[in-house]
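With chain A's structure known, arrange chain B on it following the hints.
Number of protein chains: 2
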Amino acid sequence: MKLKIKNLSFVTGGPFVSVMNHHDADDRDIKPGDRILIRKNGKKIISVVDISDDGRIKKGEIGLFDEVLNYLNTEKGDVDVTLAKRLKSLGFIRKKLEGKRLSKKELFEIVRDINANNLNEVELTYFVSACYSQGLNMREIEDLTDAIVRSGSRLNLRRDIIVDKHCSGGISGNRTTMIVVPIIASLGIIIPKTSSRAISSPAGTSDTMEALASVSFDVKEIKRIVQKTNGCMVWGGAVDLASADDKMIKVRHPLSLDPEGLLLASIMAKKKAVGATHILIDIPYGRGSKFNTKKQAFSLKKKFLEISNVLGIEMKVVLTDGRQPVGNGIGPNLEAKDVLKVLMGDGPDDLRDKAIFMSTEILKMLHIKNARKIVIDCLNSGVAYNKMKEIIKAQRGDIFLPEQLEVGRFKKNIYSTRKGRVKELNNKNVSKVARVAGAPLDKTAGLYLYKKLNDTVKSGDLLFTVYSSSSKRLDYALDIIKERNPYVIG
Amino acid sequence: MKLKIKNLSFVTGGPFVSVMNHHDADDRDIKPGDRILIRKNGKKIISVVDISDDGRIKKGEIGLFDEVLNYLNTEKGDVDVTLAKRLKSLGFIRKKLEGKRLSKKELFEIVRDINANNLNEVELTYFVSACYSQGLNMREIEDLTDAIVRSGSRLNLRRDIIVDKHCSGGISGNRTTMIVVPIIASLGIIIPKTSSRAISSPAGTSDTMEALASVSFDVKEIKRIVQKTNGCMVWGGAVDLASADDKMIKVRHPLSLDPEGLLLASIMAKKKAVGATHILIDIPYGRGSKFNTKKQAFSLKKKFLEISNVLGIEMKVVLTDGRQPVGNGIGPNLEAKDVLKVLMGDGPDDLRDKAIFMSTEILKMLHIKNARKIVIDCLNSGVAYNKMKEIIKAQRGDIFLPEQLEVGRFKKNIYSTRKGRVKELNNKNVSKVARVAGAPLDKTAGLYLYKKLNDTVKSGDLLFTVYSSSSKRLDYALDIIKERNPYVIG
Numbered sequence: 026m027k028l029k030i031k032n033l034s035f036v037t038g039g040p041f042v043s044v045m046n047h048h049d050a051d052d053r054d055i056k057p058g059d060r061i062l063i064r065k066n067g068k069k070i071i072s073v074v075d076i077s078d079d080g081r082i083k084k085g086e087i088g089l090f091d092e093v094l095n096y097l098n099t100e101k102g103d104v105d106v107t108l109a110k111r112l113k114s115l116g117f118i119r120k121k122l123e124g125k126r127l128s129k130k131e132l133f134e135i136v137r138d139i140n141a142n143n144l145n146e147v148e149l150t151y152f153v154s155a156c157y158s159q160g161l162n163m164r165e166i167e168d169l170t171d172a173i174v175r176s177g178s179r180l181n182l183r184r185d186i187i188v189d190k191h192c193s194g195g196i197s198g199n200r201t202t203m204i205v206v207p208i209i210a211s212l213g214i215i216i217p218k219t220s221s222r223a224i225s226s227p228a229g230t231s232d233t234m235e236a237l238a239s240v241s242f243d244v245k246e247i248k249r250i251v252q253k254t255n256g257c258m259v260w261g262g263a264v265d266l267a268s269a270d271d272k273m274i275k276v277r278h279p280l281s282l283d284p285e286g287l288l289l290a291s292i293m294a295k296k297k298a299v300g301a302t303h304i305l306i307d308i309p310y311g312r313g314s315k316f317n318t319k320k321q322a323f324s325l326k327k328k329f330l331e332i333s334n335v336l337g338i339e340m341k342v343v344l345t346d347g348r349q350p351v352g353n354g355i356g357p358n359l360e361a362k363d364v365l366k367v368l369m370g371d372g373p374d375d376l377r378d379k380a381i382f383m384s385t386e387i388l389k390m391l392h393i394k395n396a397r398k399i400v401i402d403c404l405n406s407g408v409a410y411n412k413m414k415e416i417i418k419a420q421r422g423d424i425f426l427p428e429q430l431e432v433g434r435f436k437k438n439i440y441s442t443r444k445g446r447v448k449e450l451n452n453k454n455v456s457k458v459a460r461v462a463g464a465p466l467d468k469t470a471g472l473y474l475y476k477k478l479n480d481t482v483k484s485g486d487l488l489f490t491v492y493s494s495s496s497k498r499l500d501y502a503l504d505i506i507k508e509r510n511p512y513v514i515g
Numbered sequence: 026m027k028l029k030i031k032n033l034s035f036v037t038g039g040p041f042v043s044v045m046n047h048h049d050a051d052d053r054d055i056k057p058g059d060r061i062l063i064r065k066n067g068k069k070i071i072s073v074v075d076i077s078d079d080g081r082i083k084k085g086e087i088g089l090f091d092e093v094l095n096y097l098n099t100e101k102g103d104v105d106v107t108l109a110k111r112l113k114s115l116g117f118i119r120k121k122l123e124g125k126r127l128s129k130k131e132l133f134e135i136v137r138d139i140n141a142n143n144l145n146e147v148e149l150t151y152f153v154s155a156c157y158s159q160g161l162n163m164r165e166i167e168d169l170t171d172a173i174v175r176s177g178s179r180l181n182l183r184r185d186i187i188v189d190k191h192c193s194g195g196i197s198g199n200r201t202t203m204i205v206v207p208i209i210a211s212l213g214i215i216i217p218k219t220s221s222r223a224i225s226s227p228a229g230t231s232d233t234m235e236a237l238a239s240v241s242f243d244v245k246e247i248k249r250i251v252q253k254t255n256g257c258m259v260w261g262g263a264v265d266l267a268s269a270d271d272k273m274i275k276v277r278h279p280l281s282l283d284p285e286g287l288l289l290a291s292i293m294a295k296k297k298a299v300g301a302t303h304i305l306i307d308i309p310y311g312r313g314s315k316f317n318t319k320k321q322a323f324s325l326k327k328k329f330l331e332i333s334n335v336l337g338i339e340m341k342v343v344l345t346d347g348r349q350p351v352g353n354g355i356g357p358n359l360e361a362k363d364v365l366k367v368l369m370g371d372g373p374d375d376l377r378d379k380a381i382f383m384s385t386e387i388l389k390m391l392h393i394k395n396a397r398k399i400v401i402d403c404l405n406s407g408v409a410y411n412k413m414k415e416i417i418k419a420q421r422g423d424i425f426l427p428e429q430l431e432v433g434r435f436k437k438n439i440y441s442t443r444k445g446r447v448k449e450l451n452n453k454n455v456s457k458v459a460r461v462a463g464a465p466l467d468k469t470a471g472l473y474l475y476k477k478l479n480d481t482v483k484s485g486d487l488l489f490t491v492y493s494s495s496s497k498r499l500d501y502a503l504d505i506i507k508e509r510n511p512y513v514i515g
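Line by line, the protein sequences give chains A and B.
For the first sequence, counting from 1, position 307 maps to 332 in the numbering used here; every step adds exactly one.
For the second sequence, counting from 1, position 419 maps to 444 in the numbering used here; every step adds exactly one.
Simulated from the structure, these hints should not be mistaken for laboratory data.
There could be a bad hint or two in this list.
No copy labels: a pair is met if it fits in one copy or bridges any two.
Claimed, not checked - Under the rule of at most 30 Å between Cα atoms (straight-line distance), these lysine-lysine pairs were calculated in the DSSO-like manner: (1) 272 with 130; (2) 110 with 272; (3) 315 with 341; (4) 245 with 444; (5) 272 with 248; (6) 69 with 56; (7) 507 with 69; (8) 113 with 272; (9) 497 with 68; (10) 315 with 272; (11) 113 with 507; (12) 272 with 120; (13) 326 with 315.
Here chain A stands alone, though its shape is the one from the complex (with noise of 0.2 Å):
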């Protein structure tokens, strides 16, 4: 049926969808949520269909998003409009839902509309839920791990050894990523990594690596930067690698959702995505983390190992300690001072010596004898920062040093009230008072720790500065700390 488009300018930032009148929808018995097929000059989209019957979309138009617009490359004119086929992925999705397992075809097909944009965000909940109200088993997320690798594009360096991390996140300040980068890379090995950038936290190391350089590049950029300096740290979400996950994040927001398979089988795709050869992964556990238990961390360390040894991948799994933040400094440029510092032979301890221990783990992982004593060499030669150099240089940065980074003009000390030991120093309260005080977008706000667990502290010390860029939102922060404060003094 041709059908006269009524452009709706407005975004909805989600799945295609488009507005029928509701006689137009009866004339074809389409219901609301059924898929119809739009073609206009040779190009075709399927969207969503929501019905109308007041009158804003009259009979014979048809109101298009400026998605499904920009899509067909016009603005007015008639499209010619069909029922499309039911999507096969639907009746896939369902039978997960029912606890049956899906064949590798099968979830090619899901993801396949997934990154095609075919679900919308109802069947793509269902997706979600399904995956994490009936699991998934090893086969199905080497086979998910598989389709998601094959929805976007890979890395290609063709080498031996391509070495990765990753960390199950949830710790604040815990920059070591931007460390161990630079010492692997000044070694020899080749070590591409690709970061998320900051959800719930104040900083993803993309965030933070941006304090220092671009990290927005495309496949071929990337490739270049490797192959140039060994290493390089951009983020994720910019090229194309392992994009159907990208996808499923949205969803999964309101319930805080993280289904465990789709979670291995998203993070392993990424690595796959760069052909790593060679995966070190930190698991940081203790409350206030994302895992408040040793022996959840450790069912999680057991599925990794699994997953890795389906798909053929070396793997390294540690546990560390995740009950406070990782370094002083919280917020992009705080935590990038830090990471600096650390590679010029200074900055926090705690950052330091995680970096020295993960980057060891990863050089025994490779059969290299006196690994520890190497990668203290490193930094301490200063053979790791003139890599952290080039590499910032190769991703188009200028910030060498930690007092070319700027931090918030506005700002507030936080002193203890009483005196006693630090027993506790809630990760979660620190994400929160660093976001509202702007971090991630404000490079500059964060805090700034001078106390950390166990360390005695006298009535008056100074507990953790407060940075912001806008007056108002340090208010903000400080309306946070009264109801939360980081520290526990007892």
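Below, chain B without anything else, positioned relative to chain A:
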């Protein structure tokens, strides 16, 4: 924070949504999908946040859709916005997804939030999929039924015996309700029947009854009709009996999910809301119906008996032949013709027989002797027909004779091209053809079936006629017949 309303002049048709500028959202660490409390002039509403970074919503503005503006009874000016607390329901939904049991309090909280429009589509989908994939036990179904009943109004007829009936559906033309209700009501027994409109069938009982009278009444009016005539046949969707239920139906469509626990709670809630003490359930089964095998139908029967036992309601469940449509007319007016004919002592035998059987079963539940004889007398004597006229009048109708009902002015006879027997008369195909011809919105559209299962057919015999008020829709229907002929002759 104070934000200026930007009227988006658009209906979302679903949950309450508002759009914030990304700077404002960042200031308060608000993420897409978070909930905000919007206040103006003493009214307040919780809405889900979408975030705009394309300049459409400027800093200091908030984009509001029609639903929110209507609720706040405003179109411009400032609103006060604060981050709303995380809904407890979300934690409960997550719990269910993890396979845990929900308490009465938790189910009540979820239903309360559904009813208050506090859950968005994604969240509602998580609830429906949790119920589907993890199931509900009898205690949960009981509590959910209670929660849904309390979420809406109740009929409060204050009578010792109130009869109700329900059909699990899927069979075209199955309009026994419109014969059973007048029979039972004419015997002095209260039967306040609420029905649905068609979702995927050519006509629901409400659509067919609407061919004769109004079906949309509020609780007070329904009470008046029942007090006057002992019965009614009204549309459940027009009253807020068990209203939370209707909101769940929308997200079930994309995957055609019928989570059994939700389904049972939804049906029982509607029966409880009218105060039913005795319920007859009809479960048609067989090829082309909702339940292919007797085993499946029997499994649902068991669940129905269990839940009615828990709720202390008398119930009888009958399994009936669902392999083909009941009666000859399909579509509102064509079905209503059949119904009036049966009540006047004529009409299709199968419809008459099924109505007699169902009415007899109801009388037997009430321990009335010679039940079948009483029912047949009631039909043959015209007493049931007179009662039907009374009910039609009470529901402001004025159609009492089959001849008063129009059929589509465009029609096409479909003849058999071979000889043999009717081996299949597929419900789904009958339904599809009738819908495309215009049913249920076009009351005059539909099919008239001249042959039923196992009838002998000669080449050239008339199988059925398709009716429509639109020549275009008749053409569409004929296209469908080419792909999916309802008749298989062999």
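The hints, checked one at a time:
1. With identical chains, the CA atoms of residue 272 and residue 130 are at most 30 Å apart within one copy only, with a shortest distance of 20 Å there and 34 Å across copies.
2. For the homomeric pair residue 110 and residue 272, the shortest alpha-carbon distances inside one copy (23 Å) and between copies (26 Å) are both at most 30 Å.
3. Taking identical chains as interchangeable, the C-alpha atoms of residue 315 and residue 341 lie at most 30 Å apart only when both belong to the same chain, with a minimum of 20 Å there against 52 Å between chains.
4. For the homomeric pair residue 245 and residue 444, neither the shortest alpha-carbon distance inside one copy (56 Å) nor that between copies (69 Å) is at most 30 Å.
5. For a Cα distance limit of 30 Å, the shortest separation of residue 272 from residue 248 inside one copy, 25 Å, qualifies, whereas the shortest one across copies, 51 Å, does not.
6. Taking the shortest alpha-carbon separations for residue 69 and residue 56, only the intra-copy value of 20 Å comes in at or below 30 Å, while the best inter-copy value is 33 Å.
7. In this assembly of identical chains, residue 507 and residue 69 lie within 30 Å of each other by CA distance solely across copies; the values are 26 Å between and 55 Å within a copy.
8. Proximity of residue 113 and residue 272 under a CA criterion of 30 Å is satisfied in both settings, with 19 Å inside one chain copy and 26 Å between copies.
9. In this assembly of identical chains, the alpha carbons of residue 497 and residue 68 lie at most 30 Å apart only when taken from different copies (27 Å versus 49 Å within one copy).
10. Within a single copy, residue 315 and residue 272 get their C-alpha atoms as close as 22 Å, which meets the 30 Å cut-off; across copies the closest is 35 Å, which misses it.
11. Proximity of residue 113 to residue 507 under the C-alpha cut-off of 30 Å is restricted to the inter-copy arrangement: shortest distance 23 Å between copies versus 53 Å within a copy.
12. For the homomeric pair residue 272 and residue 120, the shortest alpha-carbon distances inside one copy (21 Å) and between copies (24 Å) are both at most 30 Å.
13. With identical chains, the CA atoms of residue 326 and residue 315 are at most 30 Å apart within one copy only, with a shortest distance of 14 Å there and 45 Å across copies.
The structure shown violates just one earlier hint, number 4.
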